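Based on these hints, arrange chain B on the given structure of chain A.
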Amino acid sequence: NAGVTQTPKFQVLKTGQSMTLQCAQDMNHNSMYWYRQDPGMGLRLIYYSASEGTTDKGEVPNGYNVSRLNKREFSLRLESAAPSQTSVYFCASSDRQGNTEAFFGQGTRLTVV
Amino acid sequence: GESVGLHLPTLSVQEGDNSIINCAYSNSASDYFIWYKQESGKGPQFIIDIRSNMDKRQGQRVTVLLNKTVKHLSLQIAATQPGDSAVYFCAENIAGSSYKLIFGSGTRLLVRP
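Residue numbers (our numbering), protein chains in the order written: chain A, 45 to 157; chain B, -19 to 93.
Excised from the complex, chain A in its bound form (with noise of 0.2 Å):
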């Protein structure tokens, strides 16, 4: 039983480059998010998806995009990356919808230069 899982682990991008970070949870949870958290700093939600099929923004959604695929997978996408967008990013999953604990994947630290 792995949890949430995150893919890469560790990513550097060139100002204006593509990529996607990858989510899977076999939990069978219906609500995942996205969060990044900078030094210091907690936790900021960017994205939520409350069920498969739907997807709602979070605190800072400019500058991704998400894709609910199945129950299972959740991606985060960065179309045309940016320094501020330098941070460590996380996905998470919960069973019941934001009233109850969420579980996290270990981080992808993405570093823009």
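Don't read these hints as lab results, they were simulated from the structure.
Some hints here could point you the wrong way.
No more than 20 Å apart at the CA atoms, straight line, and that leaves these computed lysine to aspartate or glutamate pairs for EDC-like [claimed, not checked]:
#1 A:K115 x A:E96
#2 A:K101 x A:E117
#3 B:K22 x A:D70
#4 B:K22 x A:D82
#5 A:K53 x B:E19
This one's a predicted model, so the numbers in the text were calculated from it and none came from an experiment.
Coordinates of chain B only, in the frame set by chain A:
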């Protein structure tokens, strides 16, 4: 606005002592709160949660207290151990608004041997 914050960015305690980590929240509509522990290079891990209809909840060596009158949340760790050294985040879920958790900025707990 909606916000969750912490009073102390860094807390240093002697091994064996009790630790108290505080958190203030501003949204009176929040009905669910979680404490997460984040070790270096890892994703946040669930510690304990509490719903707004409760004032206190206990786990193994941890207790969460909720004071809705002053919108204050605390995490108490009994007999603090070196393995408790980490960053601790409180998070809130606002009833009926969405599926998202809003995180505070975190408190670093350092345990002195």
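Hints versus structure:
{"no.": "1", "hint": "A:K115 x A:E96", "result": "holds (5 Å)"}
{"no.": "2", "hint": "A:K101 x A:E117", "result": "holds (17 Å)"}
{"no.": "3", "hint": "B:K22 x A:D70", "result": "holds (19 Å)"}
{"no.": "4", "hint": "B:K22 x A:D82", "result": "holds (14 Å)"}
{"no.": "5", "hint": "A:K53 x B:E19", "result": "holds (16 Å)"}
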